[in-house]
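*Asks:* Okay, here's what each chain looks like letter by letter:
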Amino acid sequence: MQKIEQLIKEKARDLLAAGQVTSVIAWQKGEMFYDNAPGYFDNTEELDALVYNAFCAANLSKYLIANTKKDEKTAVFLKPCDTYSLNQLIKDRRVQREQVLVIGIPCAGMVDINKVKAQGLKGIIGITEDGDNLTVETAYGTKQVARAEVLLNKCLACKGSAYAVSDETIGEPMAVKHAPYDRFAVVKELESLSPQERFAFWQEELSKCIRCNACRDICPACSCEQCLFDNPESPLAGKANNNSAEEQLFHIIRAYHVAGRCTDCGECSRVCPQGIRLDLLNRKFIKDINEFYGDYQAGADADTNAPLLSFDVDDVEPGAATKGRE
Amino acid sequence: MLAAQSTPDKEFEQLIVAFCCNWCSYAGADLAGTARRSYPANIKIIRVPCSCRVNPTFILRAFLRGADGVIIAGCHPGDCHYTSGNYFARRRMTLLMSMLSFLGVDKARLRVEWVSAAEGNKFAEVMTSFAETIKALGENVKLRDLRCKK
Amino acid sequence: MWQEGTAVDLKTTITAKSLKNIFFPQIENLLAFERQGQKLSLEQKQLPAEKTIAFGVRACDIASFNLLDKVFLKQPVDHFYQARRENCTLIGLACSEPEETCFCRTFGIEPASPTADAAAWLVGDDLFWQPKTTKGEELTAAIKDLFTEAEGGDKIVAEQQAQVQALLDKMPLAGFALSDEECSKQAEIFESEVWEELSKTCLGCGTCTYVCPTCHCYDIRDYEVNDKVERYRCWDSCMFSDFTNMAGGNPRTTRLARFRQRYMHKLVYFPANNEGAYACVGCGRRLQKCPVSLNIVKVAKALGVTKNV
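Protein chains in written order, with numbering that gives the first Met the number 0: chain A, 0 to 325; chain B, 0 to 149; chain C, 0 to 308.
Honestly, the hints are just simulated from the structure, not real lab data.
Honestly, I wouldn't trust all of these hints.
[What the hints assert, rightly or not] In silico lysine-lysine, DSS-like type, Cα no more than 27 Å apart, as pairs:
#: 1; chain 1: C; residue 1: Lys169; chain 2: A; residue 2: Lys121
#: 2; chain 1: C; residue 1: Lys169; chain 2: A; residue 2: Lys28
#: 3; chain 1: C; residue 1: Lys10; chain 2: A; residue 2: Lys142
#: 4; chain 1: A; residue 1: Lys114; chain 2: C; residue 2: Lys10
#: 5; chain 1: A; residue 1: Lys207; chain 2: C; residue 2: Lys44
#: 6; chain 1: A; residue 1: Lys121; chain 2: A; residue 2: Lys28
#: 7; chain 1: A; residue 1: Lys207; chain 2: B; residue 2: Lys148
#: 8; chain 1: C; residue 1: Lys16; chain 2: A; residue 2: Lys121
#: 9; chain 1: A; residue 1: Lys8; chain 2: C; residue 2: Lys199
#: 10; chain 1: A; residue 1: Lys10; chain 2: A; residue 2: Lys28
#: 11; chain 1: B; residue 1: Lys106; chain 2: A; residue 2: Lys286
#: 12; chain 1: A; residue 1: Lys116; chain 2: C; residue 2: Lys16
#: 13; chain 1: C; residue 1: Lys10; chain 2: A; residue 2: Lys116
#: 14; chain 1: B; residue 1: Lys106; chain 2: B; residue 2: Lys43
#: 15; chain 1: C; residue 1: Lys300; chain 2: A; residue 2: Lys121
#: 16; chain 1: C; residue 1: Lys227; chain 2: B; residue 2: Lys43
#: 17; chain 1: C; residue 1: Lys16; chain 2: A; residue 2: Lys114
[What the hints assert, rightly or not] Just the calculated beta-carbon pair ranges, DEER-fashion:
#: 18; chain 1: C; residue 1: Thr5; chain 2: A; residue 2: Glu167; range: 51 to 57 Å
#: 19; chain 1: A; residue 1: Gly125; chain 2: C; residue 2: Gly107; range: 23 to 29 Å
#: 20; chain 1: C; residue 1: Glu85; chain 2: B; residue 2: Asn41; range: 48 to 54 Å
#: 21; chain 1: C; residue 1: Gly152; chain 2: A; residue 2: Glu196; range: 47 to 53 Å
#: 22; chain 1: B; residue 1: Phe57; chain 2: C; residue 2: Ala15; range: 31 to 37 Å
#: 23; chain 1: A; residue 1: Glu128; chain 2: C; residue 2: Val193; range: 27 to 33 Å
#: 24; chain 1: A; residue 1: Lys114; chain 2: C; residue 2: Asn249; range: 39 to 45 Å
#: 25; chain 1: C; residue 1: Ala141; chain 2: B; residue 2: Lys134; range: 53 to 59 Å
#: 26; chain 1: A; residue 1: Glu167; chain 2: C; residue 2: Lys16; range: 42 to 48 Å
Note that CB positions come from ideal geometry on N, CA and C, so glycine has one too.
Using the sequences and the hints given, assemble the complete structure.
*Replies:* Shown next, in the form of structure tokens:
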């Protein structure tokens with residue numbers, strides 16, 4: 000990855016120096032070595048802080064909404080999965096394609112620091128990437144961790160090394176190595192439970208919600224100018240975690256609103272401070288769409304109609320098609 | 000946390016919200032009226048221009064505010080006043096119902112029916128049967144906001 | 000709230016959510032009213048009377064209660080907060096395994112010497128216990144059968160304390176300190192150019208404020224059904240677009256202004272009004288939870304309000 004970081008820096012330097020773009024969006028170093036954050040780079044001096052390693056999970060596509068409102072060109076470095084989100088934003092006409100220079104960069108899967116910590120590691124002061132392994136240095140000692148075991152959940156459902164949209168690419172494609180993974184496994188498992196068990200599961204899960212809105216605000220598909228849940232004119236402008244019924248409503252509506260546009264980028268689950276499995280709601284919709292209306296991957300292209308914006312006269316009737324035990 | 004089981008009320012007075020498309024189902028309700036066909040009085044009709052005007056939020060909010068059942072009635076597929084509105088509504092409701100079921104809520108609390116302007120009898124029958132279904136299911140406690148209820 | 004049979008975890012140093020919830024719940028009903036014909040009946044919610052014990056509270060969270068006291072126990076006193084606070088006996092638990100995001104020492108907090116009603120240290124399988132206040136003495140007397148006098152306990156605890164200090168010295172934020180002088184330059188900091196750059200990537204979610212043990216802004220709202228109303232207060236977040244929205248408009252209409260408000264409050268306004276106490280206890284929750292890794296350390300460094308120690 001270090002080599003790619005170097006290539007990214009060089010590319011960014013060339014673009015900024017030549018005045019081809021006004022700003023570059025990439026990742027910048029954090030306080031720790033693992034909390035790399037999205038960053039804007041407006042001049043070549045700032046590029047020293049640019050970083051690309053196993054802790055650059057943040058999907059940068061959403062920042063382009065704000066950027067393309069200005070009359071300037073922005074370069075963005077996107078991992079293969081991130082390009083799907085951008086493509087969907089282009090399809091939703093939230094991003095002006097011609098104002099973005101998309102540079103695809105390869106990815107070998109991003110690491111979940113919480114999974115590293117869950118292996119009993121505390122006080123982590125350094126991690127070095129070493130092929131398929133990570134060497135974790137902590138205040139309490141050093142330990143080796145297999146990369147495949149600490150990949151982010153979203154990387155287990157990797158969409159592959161192809162870019163859905165890009166102007167240029169850097170480096171050779173990489174593969175994300177992990178054990179076989181069925182992204183719908185948990186959805187199927189829940190479907191096989193009784194309604195009462197499912198209800199109990201979701202009550203437990205959603206009662207953890209603190210209504211911080213991180214899931215919504217990180218989501219590249221959640222691109223409304225003003226969210227229904229923020230609009231003071233809306234009767235739903237809730238702020239507190241009043242009770243489970245309201246949380247339920249918030250999460251169903253949110254998942255529903257991105258249904259057919261959710262690329263399954265997994266950012267919602269990644270950022271949830273309470274660790275709620277929000278991806279399950281999105282994946283339920285994806286699975287249903289695939290089964291009822293044919294396989295569909297949001298963001299794979301920028302022109303076909305989304306499943307909820309099209310129909311077939313022979314579509315299944317509501318209620319006749321629900322999956323799962325009754 | 001809510002109590003997940005419904006409390007068996009002595010006199011369970013169910014509240015049902017019916018979203019009816021202006022061109023077919025609402026006219027169907029009218030016809031039921033002029034034909035003196037009765038249907039349960041606890042069904043509150045909300046007239047909408049087309050079944051596809053019904054945002055899933057409306058339905059969930061109706062449940063949140065105390066509805067025990069919600070029914071959406073629109074033109075038969077192919078007969079939409081706006082050509083294709085009910086086809087979109089059909090997809091939306093299919094996914095919403097599936098999601099409610101996924102969350103462990105009885106999907107029977109939500110129903111979609113196609114009722115034309117000429118089907119006054121069908122309107123009354125559908126509403127009566129839905130009211131019976133809801134009566135059997137009991138009070139909606141899974142989706143309801145219980146504040147102000149004590 | 001512990002119930003019979005719940006497993007207890009004493010290993011976790013920093014909990015995901017802060018503990019302010021126990022005195023200042025995320026949502027609290029204040030009042031209910033109902034219209035009955037021409038009459039309006041009011042029902043004021045009872046003050047919580049339940050006696051509680053909070054066990055295993057870390058030094059940073061205890062320090063956060065002292066900061067919240069400055070807000071809620073000042074005139075006019077917040078009776079709900081006061082009642083819960085007074086009914087609770089706090090048992091501090093010394094940290095033995097600090098995390099890399101910890102920087103409590105920046106604010107003069109001693110992680111291995113919690114200041115509560117009673118303090119506890121877990122060394123191996125032994126729990127050392129020391130009452131510190133009358134409340135702590137009372138609790139200790141009530142459960143005295145559980146204890147034996149620890150021979151040489153002071154020495155064992157002191158060893159652990161030294162270990163923790165040594166561990167913290169190794170952590171990346173060990174040298175992070177704030178300059179009181181710099182932080183008092185209110186106008187200068189407010190006008191700083193770095194806010195724009197810093198706030199650019201902020202998502203405007205409320206994670207930071209909700210996991211923070213010292214953030215204490217709240218909103219009061221009504222929930223109304225027909226003739227019944229429940230008035231409740233709930234946590235608010237300065238990151239939200241309707242924060243400080245009032246009749247006549249909102250003074251902070253941009254994300255930059257809201258982002259700036261949060262850090263101005265923590266680093267400048269709060270110390271100016273509270274004898275120099277920063278509204279931060281260095282628990283590191285925001286460092287762990289912010290979706291885009293913004294935090295007070297990054298902000299303070301960018302503003303140049305840090306100093307070398």
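*Asks:* Under the criterion that the straight-line Cα-Cα distance not exceed 27 Å, is the pair A/Lys8, C/Lys199 satisfied?
*Replies:* Roughly 21 Å separates the two Cα atoms, so the pair holds.
*Asks:* Just to be careful, I want the Cα atoms of C/Lys16 and A/Lys114 compared with a cutoff of 27 Å; is the pair within it?
*Replies:* holds, 18 Å
*Asks:* Does A/Lys286 sit within 27 Å of B/Lys106, going by the straight-line distance between their CA atoms?
*Replies:* holds, 18 Å
*Asks:* Straight-line Cα separation of A/Lys121 and A/Lys28 no greater than 27 Å?
*Replies:* Holds, because 21 Å separates the two Cα atoms, which is no more than 27 Å.
*Asks:* Between C/Gly152 and A/Glu196, does the C-beta distance stay in 47 to 53 Å?
*Replies:* holds, 49 Å
*Asks:* Between the beta carbons of C/Ala141 and B/Lys134, is the distance compatible with 53 to 59 Å?
*Replies:* Taking Cβ atoms as reference, C/Ala141 and B/Lys134 lie about 54 Å apart, which means the hint holds.
*Asks:* Does A/Lys121 sit within 27 Å of C/Lys300, going by the straight-line distance between their CA atoms?
*Replies:* holds, 25 Å
*Asks:* CA of C/Lys227 to CA of B/Lys43, is that 27 Å or under?
*Replies:* Given pair C/Lys227, B/Lys43 holds - Cα atoms ~21 Å apart, limit 27 Å.
*Asks:* For a C-alpha distance cap of 27 Å, please report whether C/Lys10 and A/Lys116 respect it.
*Replies:* holds, 13 Å
*Asks:* Has the given pair, B/Lys106 with B/Lys43, been kept, meaning a C-alpha gap of at most 27 Å?
*Replies:* holds, 20 Å
*Asks:* Mind checking the alpha carbons of C/Lys16 and A/Lys121 for me, to see if they're no more than 27 Å apart?
*Replies:* Holds: C/Lys16 and A/Lys121 sit about 18 Å apart, inside 27 Å.
*Asks:* Could you check the hint for me, namely that C/Thr5 and A/Glu167 are 51 to 57 Å apart, CB to CB?
*Replies:* holds, 55 Å
Hint violations for this structure: none, all hints satisfied.
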